[in-house]
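Participant: Listed below, chain by chain, are the residues.
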Amino acid sequence: MKNMTEKKIEKEIVTILAAHLKKHDQLQINGLGTFSVSHQKQAQQQEKDGRIVMNPPADIITFTPEK
Amino acid sequence: MKLNHDEFVALLAKALDSDEAEASRGLEAWVDAVVRETEENGSCTVTGLGTFRKGDDGSMTLDPEKALSMEVNYKYAGLSPIEVSPPKSVQPDADKDAASETEAEEESEAEADTETEADTDTETDTETETDTETEADTEAADAAFGISDPEKPVQEDDEPSDEEEIPEKKPPVEDTELDPSESDTPEESHSEPDPFGIKEYEEERFPDELDEEKDTEKPFEPDPESPPEEDREEADAEYESGWKKEYPEHESEPDDADELEAAERDDAGDSSSSFSLPKLSLSRQEKTSKGASKNRSRDKSEKIMWLIPIAALLIVAVLLYFHFDGQRLSRTHIGDQAVVQDEIPVPIPEEEEEDQVIQEFVPSPDPVDEVAPPPEPDVTPEPVEDAATEPLDDRIGDLALPYGLMGPEDEVLIGAYTIVVHSLRNERKSEIEKQRLENQGYKATRWSAELPSGITTYRVGIGQFKTVSDAERAIEELPEPFRSNNFIIRIR
Numbered sequence: 001m002k003n004m005t006e007k008k009i010e011k012e013i014v015t016i017l018a019a020h021l022k023k024h025d026q027l028q029i030n031g032l033g034t035f036s037v038s039h040q041k042q043a044q045q046q047e048k049d050g051r052i053v054m055n056p057p058a059d060i061i062t063f064t065p066e067k
Numbered sequence: 068m069k070l071n072h073d074e075f076v077a078l079l080a081k082a083l084d085s086d087e088a089e090a091s092r093g094l095e096a097w098v099d100a101v102v103r104e105t106e107e108n109g110s111c112t113v114t115g116l117g118t119f120r121k122g123d124d125g126s127m128t129l130d131p132e133k134a135l136s137m138e139v140n141y142k143y144a145g146l147s148p149i150e151v152s153p154p155k156s157v158q159p160d161a162d163k164d165a166a167s168e169t170e171a172e173e174e175s176e177a178e179a180d181t182e183t184e185a186d187t188d189t190e191t192d193t194e195t196e197t198d199t200e201t202e203a204d205t206e207a208a209d210a211a212f213g214i215s216d217p218e219k220p221v222q223e224d225d226e227p228s229d230e231e232e233i234p235e236k237k238p239p240v241e242d243t244e245l246d247p248s249e250s251d252t253p254e255e256s257h258s259e260p261d262p263f264g265i266k267e268y269e270e271e272r273f274p275d276e277l278d279e280e281k282d283t284e285k286p287f288e289p290d291p292e293s294p295p296e297e298d299r300e301e302a303d304a305e306y307e308s309g310w311k312k313e314y315p316e317h318e319s320e321p322d323d324a325d326e327l328e329a330a331e332r333d334d335a336g337d338s339s340s341s342f343s344l345p346k347l348s349l350s351r352q353e354k355t356s357k358g359a360s361k362n363r364s365r366d367k368s369e370k371i372m373w374l375i376p377i378a379a380l381l382i383v384a385v386l387l388y389f390h391f392d393g394q395r396l397s398r399t400h401i402g403d404q405a406v407v408q409d410e411i412p413v414p415i416p417e418e419e420e421e422d423q424v425i426q427e428f429v430p431s432p433d434p435v436d437e438v439a440p441p442p443e444p445d446v447t448p449e450p451v452e453d454a455a456t457e458p459l460d461d462r463i464g465d466l467a468l469p470y471g472l473m474g475p476e477d478e479v480l481i482g483a484y485t486i487v488v489h490s491l492r493n494e495r496k497s498e499i500e501k502q503r504l505e506n507q508g509y510k511a512t513r514w515s516a517e518l519p520s521g522i523t524t525y526r527v528g529i530g531q532f533k534t535v536s537d538a539e540r541a542i543e544e545l546p547e548p549f550r551s552n553n554f555i556i557r558i559r
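Here the protein sequences line up with chains A and B, keeping their order. Numbering-wise, our numbering puts 56 at position 56 of the first sequence, and it's gapless, one number per residue. Numbering-wise, our numbering puts 545 at position 478 of the second sequence, and it's gapless, one number per residue.
What the hints contain is simulated information worked out from the structure, not anything from laboratory work. Keep in mind that a hint or two might mislead.
[To be verified] Quick list of the computed label-pair ranges, beta carbon to beta carbon:
no., chain 1, residue 1, chain 2, residue 2, range
1, A, Asn-30, B, Pro-475, 53 to 59 angstroms
2, B, Pro-469, A, Asn-55, 23 to 29 angstroms
3, B, Ser-85, A, Gln-46, 51 to 57 angstroms
4, A, Lys-8, B, Ser-110, 20 to 26 angstroms
5, B, Gln-502, A, Ala-43, 51 to 57 angstroms
6, A, Asn-30, B, Asp-124, 20 to 26 angstroms
7, B, Gly-471, A, Lys-41, 20 to 26 angstroms
[As the list claims (entries may be wrong)] Here are the simulated BS3-like cross-link-like pairs (lysine-lysine), alpha carbons at most 27 angstroms apart as the crow flies:
no., chain 1, residue 1, chain 2, residue 2
8, A, Lys-11, B, Lys-496
9, B, Lys-370, A, Lys-22
10, B, Lys-133, A, Lys-7
11, B, Lys-496, B, Lys-69
Ideal Cβ placement from N, Cα and C applies to all residues, glycine included.
For reference, chain B alone in the conformation it holds in the complex (with noise of 0.2 angstroms):
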């Protein structure tokens, strides 16, 4: 609306209840006195509207009085500049705080992995004792069915001799290069606590072994080039006293040999039996030893070789577990960021929100492309790109936040971008218009503002957009009046 000078006399006359012409009179004397102020003092302030100013050209300027100024710009009082990049001296403290929240952010992340690795360890543990009882049980089962009883070897020892003869055939270096890691092993079983179960692995093994060998070698024939029996029993002589010299543990088997013999000796009645008994008791005494390094280093390398696997598949099964832990708590972490923000009641800096924005919605770029939806074919090519190479969970992030111009408003997204179109100060017109604007299938929010004046505004938004370039492209999509009478501020 445009007033002209008569009819804003007229308006004067009707304030003053006085005639036209005593007001125009009252309003020329008024301008004269502030021109003539103005002129003289170089300014002339007029109370509840503003100071006069004489110009650097000599034409008079006006600063309107705050109070007015707020009155007429109540639309959008209460907004403040929003940071859209930050400065570029402030950068590397920006980055540095960046990079501390990165790090407050991984450390956070660190004790979550603490605790996902805790509750692994402890799963461990439990597996480890699980494993314990499993080998307990082993162990108790094997002590029921005699695996570990030593009357099983000698059980086997009970079958032909053949078994005894095949190492005397093997040279002495190999035992004795075999011995010094015999002689540890079984030491270090009985006296030490055997974290890999290599002891009853042995226990389990060696009967088996023993038992293959049992079937698969042939039975005793004299063999006609060996050595005489009298040279064998020097060297067998020879060999049990250096064997028990290195081995002083093992004495003790020879007695249980002798048992056995005699056992066996009592039940054959034989004496020819007891006639070879001393030579029997040694060559099983080397059958027990010589085998047995055999056996054992043997069992060693299969061992070995099981758990080279083994131990590489727990590995793969670790790194896959926290791979796919990883990915899920980094996308859980998206939507918990999005929830405290909203949870925020205190209001954010400028810079250290939109930072936080940011950060939020820029992502590592996650190659991992089986997640990402397949390309619409109606869509032009430029979006298709921009799809493609959009991080995967900037794309999961939008599919998960109601961002838009239209649709329905499901969720008012704290710290995200709309165009207001309407601020006024009734409710119920306010809440008329943000009803039409549904209607007309935009995305709209209705909220209130209080000005420093007291007067409380109320505002309709429509759409909520991630960045403010979303904002004002979807601006431009937007139909008159609101395309040229709108602003754009961020939801808090």
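Just chain A, same shape as in the assembly (with noise of 0.2 angstroms):
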């Protein structure tokens, strides 16, 4: 059970990762991992059924967690 705060120190520490998240900021936490945000670029891919589809790009949140 987390007192107020940790929750407190939780909602800070979420609203500083999201918001550098949204423009797409890198962000290193020791003792846990980067956080960034990575570009996949759009590409055909051929599904199972053979179709040809092409995937739309997107910007995806990536963690590599610490080794």
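Please assemble the complex out of the two chains, which come individually in their own frames, going by the hints.
Facilitator: Pasting the structure below:
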């Protein structure tokens, strides 16, 4: 059970992370990992039924854990 | 922008209204709690961020929260995969659908053709009526000029009887051969409607033929080798009896002829003419029957000879009409399709839409190459070959539709592909970017897209392309940063 201070800290951490991720910034937190946004280009992909579809591009949140 | 741990702690301290040491301790406590919970439970959900999971290799992964992912991916939010080619397993059905659509189109075209045929029939009927009127007028004119008047042949009969003697020299077998065909024609011409105007034609031609024969034939000279007059009278009597038996409807003709002969006799007042009246009357009948038979058979053959080329010309004219009319309809049909597609308010499913695009812009090859634009000398050989092998309607469609990367934005083609280079939330900024691209010569298009989160984004695309491949080729020509930061989207 998290107390009020922990909840408040967690809320502020998430707010900062989300705000910078929306700006496509990269954030590093020691002991956890690195948050970043990677761009996935649109690409054609052949489905199992044989049809070829072009997937739209996307900006994806990427988390790289700390080793 | 890249934020390291210290910078993050500084921001957190600022957000918590505390010093960095306290913020650092709070951050470390939060990280330990997340890692521990993930290790113990396999996952740890952080509201507003996502769920940390423990991977197979023991490392942590993050499943971002959907709302956050959408916010991060706002530029491309709402996009769905574009189907480039239909599935192979579904292709037969697609073909069936395409075939049914083609059939529907053919039916619609057939309806259009039927309408055209109806119009043509109406025109034909009008023409037929006109012809009938013309024929009626001709008949009236003939009647006025006495062409169909029985007095006309009689007047010709007033000529020397050389015409009457000529049929007698012909073998009677010829007359018997001609009689059956000749016997029906006058009957039918009197009793049944004449759809081809044969009756009128005969009535028109017959006096002329007689005139021609009258002009060409020599004056009557007694033939020394002709049979004695008594034999001739017997033969004439036999022939008359047989002729009356076969042509009872012509029995009235001798009366007319007799009346005419009486009139002639009155005019001449000569006893010799009255003495030769029976023979002359019989000869006139023979002339009327045999000469008319001969002339009518000749008229028939001539009519047939005239009707065949006229019918052939009519058929060729109709075929040419439908040929050019079909070309016009097919070309109009392409334009109509584009317009109709623009007017479709409901978004079409990807598969059907792709089929429509393919069907719309891959018309059947047209061998006609007269309208093809001449190949430009500066163009490389490969595009010239493409232009030569490209279907004519496709080239016409390319010329008609404003495809391409550069140029003014004359028309936004619904269903075409464009390259999105800006996706902005500021409308004014998006308009500025659009103007900037237009000043650079690009065919720029701007539209708004409402994201699932309710936020409106304004996208700016450049170029309009018929296929995805065309758009991809155009991307290679784009300068940075557009070349590496763009996406293709279908205009809806």
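Participant: Each hint should be assessed against the structure and marked as holding or not.
Facilitator: Hints versus structure:
1. A:Asn-30 <-> B:Pro-475: 53 to 59 angstroms: Given a distance of about 55 angstroms, which is inside 53 to 59 angstroms, the answer is holds.
2. B:Pro-469 <-> A:Asn-55: 23 to 29 angstroms: holds, 28 angstroms
3. B:Ser-85 <-> A:Gln-46: 51 to 57 angstroms: holds, 54 angstroms
4. A:Lys-8 <-> B:Ser-110: 20 to 26 angstroms: Given about 23 angstroms between the Cβ atoms, the range holds.
5. B:Gln-502 <-> A:Ala-43: 51 to 57 angstroms: violated, 32 angstroms
6. A:Asn-30 <-> B:Asp-124: 20 to 26 angstroms: holds, 21 angstroms
7. B:Gly-471 <-> A:Lys-41: 20 to 26 angstroms: holds, 23 angstroms
8. A:Lys-11 <-> B:Lys-496: violated, 32 angstroms
9. B:Lys-370 <-> A:Lys-22: Violated, at about 91 angstroms.
10. B:Lys-133 <-> A:Lys-7: Given that 27 angstroms is the threshold and the Cα spacing comes to 21 angstroms, the pair holds.
11. B:Lys-496 <-> B:Lys-69: Given that 27 angstroms is the threshold and the Cα spacing comes to 26 angstroms, the pair holds.
Violation of the numbered hints given earlier is confined to hints 5, 8 and 9; the remaining hints are satisfied by the structure.
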